[in-house]
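**Student:** Each chain, written out:
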Amino acid sequence: MVKKRDRLEVIHDILSIVMKHKNQIKPTPLLRYSNLSSQRFADYYSELLKKELVREVVDKKGKKFIMLTDKGFKFIEKYKLIIGFIDEFDL
Amino acid sequence: MPPPMPMHLFNPLRFSVELFYTLLIMFLCFFIYYKTKELYSLTDHKGIYYFRIAFLLLGLTHLPRFIFFLLKVSTFTQGFMIPFRSFGHIFLVATFYLSTLALLYLIYSSYWKKLNPKYFIIFSNLFALILAVSSFFYRSPLIIGFAQLILFVVAFFIFLFGFRKKKRFSKTTVLYLFVLIFWLLSLFILVPNWLIPWGFDFVLYIVSLIVFLIIYRKVSKWTK
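Top to bottom, those sequences are chains A and B. Quick note on my numbering: the first sequence kicks off at 3 and runs consecutively. Quick note on my numbering: the second sequence kicks off at 33 and runs consecutively.
Next up, chain B with everything else stripped away, as it sits in the complex (with noise of 0.2 Å):
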């Protein structure tokens, strides 16, 4: 007799929470970058073509990040033949590449008068590429997920201190700031529930989302 499948792991409400929050922020994401899409073809403005990519990045990411929860919880569930620990990572890696992507081009498009593009683009993609690859090495969004955390914490304060005149926050620097704060938390959730509190997930989503919501509304009151 086979012995009794781990049907306990799998959590409905966790999945279909998982499932609504993907979507609907892939949606907003998506929107956003459609959206905006009048506004750069009339003036081919960067700040608005690495906003529009930033958004765009950040719904991509969601995807793998998805197909990576799925994997993990139907090998734990369902005991299926999926060779998760190979398979599973390369969602990963590109939920990595992607996210640093993204967060990356988020910070640049308020600061692409100060560097130059090219060197830019050279050290975004390979700072991503390392981060991504790392990921495949260490199989954890853990660990990854810190390295992300104090790179982007240094890079953020470099770009701020470094480069802005204002030296205060601007009301949409925190919303970025809420932007990679709410990322790393959702990679947190990936891994083994003792760092992330049970039903805190639920409230970070909702977080999450209302500050995607917040960004969306703004973006769509300037692209009537």
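Isolated chain A, as found in the complex (with noise of 0.2 Å):
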């Protein structure tokens, strides 16, 4: 059976295939390539909002991007030792 995937984990999964796409990706596909359900990925995607972890930007023709802020990228660059160190501390 395939485990869960964790919070964390799902984050850092939505952030690097943003940054796969080299830090610009539509929100359509950005919820396929997340393997979540609409609502989950609604709600994980308010939440990297909210923490800016994301943006959005808009450009000319009125399309809509997602982009990863430092932060986002911060958080890819240190999810190891963030899950280390959850890890190691059993929390």
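Hints were generated in silico from the structure; no laboratory data involved. C-beta atoms are modelled at their ideal positions from N, C-alpha and C, and glycine is treated no differently. Keep in mind that a hint or two might mislead.
Stated by the list, open to error - Below 27 Å or equal to it, Euclidean Cα-Cα: the simulated DSS-like pairs (lysine-lysine) are:
(1) Lys73(A) with Lys67(B)
(2) Lys52(A) with Lys82(A)
(3) Lys82(A) with Lys256(B)
(4) Lys253(B) with Lys53(A)
(5) Lys52(A) with Lys67(B)
(6) Lys256(B) with Lys203(B)
(7) Lys53(A) with Lys80(A)
(8) Lys80(A) with Lys67(B)
(9) Lys76(A) with Lys250(B)
(10) Lys63(A) with Lys28(A)
(11) Lys145(B) with Lys80(A)
(12) Lys22(A) with Lys65(A)
(13) Lys22(A) with Lys82(A)
(14) Lys52(A) with Lys63(A)
(15) Lys78(B) with Lys76(A)
(16) Lys250(B) with Lys82(A)
(17) Lys73(A) with Lys253(B)
(18) Lys256(B) with Lys69(B)
Unchecked claim - In silico contact screen, one side only, chain B against chain A (beta carbon under 7 Å); selected entries:
(19) Leu74
(20) Gly79
(21) Phe83
(22) Ser142
(23) Ser202
(24) Thr204
(25) Lys250
Can you join these two chains into the complex? Each is in its own frame, and there are hints to help.
**Tutor:** Okay, structure coming up:
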């Protein structure tokens, strides 16, 4: 049985998808690649915006893109340390 | 002619050790709190949150403990007109309140997924308040220290065997257990020396500092 991803893992996956797409991806492909239900994706997405890990940009044609913020890049960079810390202290 | 002051009760070495120990423990605790700030701001992880609060409270609790020690020593030594029996015990109440909360938060940081935070916050504050108020009436670190010991041992084993899937002690659990034991022993040092043999308190402080240094080093490893 496939283990359910925990919250931090899902956040990391979403941010990594954005980064792999040259830090610019539309919401619909992001939903598809993230392997989440629409509702769960919406919850995570609003959390990411609220925590300023991603931001929305609208181009000249009025299309919405999602980009990582500096904090978002920092999260990806520190992810292994975060997981290591949580494991080390049984948090 | 006034009676000679009982200067023999004041031990400069003991005072220096207490001061050094307090400052160092506070520094380590606050540094752990500070070092984990970024991890928490990136993740909003509840376990990290309770871990940080536990060390903040552990750092804070050493301040009233030291003031209690200071007032006790100055009352016995200099014959100052410090109303120790009422004034000093306010710091003992603060010590018990903060330390009980700190140790409960430390245990809870590992088990926050299993127990609703609302119930935990109510329970821990109530529990800490009862112990702190009791310490005011009993006015003895010894009785409350034993009460803390019994309740923590019970809480620890309920959590360990009730909630954990892995029924074994991890390295961190052992470290937390040491933090708890050394905290309780450091409380017993505040009572007359019949309980802790002479010189043993220095050894206790050194081992306690080593435990905190190990935790600090582990934290530093993951918070580069």
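**Student:** Regarding the hint that Lys250(B) lies at the interface with chain A, is the smallest CB-CB distance below 7 Å?
**Tutor:** Because about 6 Å separates Lys250(B) from the closest Cβ in chain A, which is inside the 7 Å limit, the hint holds.
**Student:** Starting from Lys76(A), check that the Cα of Lys250(B) is at most 27 Å away, please.
**Tutor:** 21 Å, holds
**Student:** Next pair to validate is Lys73(A) with Lys67(B); report whether the Cα-Cα distance is within 27 Å.
**Tutor:** Holds, because 17 Å separates the two Cα atoms, which is no more than 27 Å.
**Student:** Checking one constraint from the list: CA of Lys80(A) to CA of Lys67(B), max 27 Å. Satisfied?
**Tutor:** 14 Å, holds
**Student:** Would you mind confirming whether the straight-line C-alpha gap from Lys250(B) to Lys82(A) stays at or under 27 Å?
**Tutor:** Distance ~15 Å between Lys250(B) and Lys82(A) Cα, so the pair holds.
**Student:** Next pair to validate is Lys52(A) with Lys67(B); report whether the Cα-Cα distance is within 27 Å.
**Tutor:** Holds, because 23 Å separates the two Cα atoms, which is no more than 27 Å.
**Student:** Is the straight-line distance between the alpha-carbon of Lys63(A) and that of Lys28(A) 27 Å or less?
**Tutor:** Between Lys63(A) and Lys28(A) the Cα gap is close to 13 Å, so the pair holds against 27 Å.
**Student:** Have a go at the Ser142(B) hint: is there a Cβ in chain A nearer than 7 Å to its own Cβ?
**Tutor:** 4 Å, holds
**Student:** What's the verdict on Lys78(B) and Lys76(A), does the C-alpha distance respect the 27 Å limit or exceed it?
**Tutor:** 19 Å, holds
**Student:** Would you check whether Thr204(B) satisfies its interface hint, that is, whether its CB is within less than 7 Å of any CB in chain A?
**Tutor:** Holds, because the Cβ-Cβ distance from Thr204(B) to chain A comes to roughly 5 Å (cut-off 7 Å).
**Student:** Are Lys52(A) and Lys82(A) close enough, with their CA atoms no more than 27 Å apart?
**Tutor:** 23 Å, holds
**Student:** For Lys52(A) and Lys63(A), compute the direct alpha-carbon distance and say whether it is at most 27 Å.
**Tutor:** 25 Å, holds
Figure legend: structure checked against the earlier numbered hints; every hint is met.
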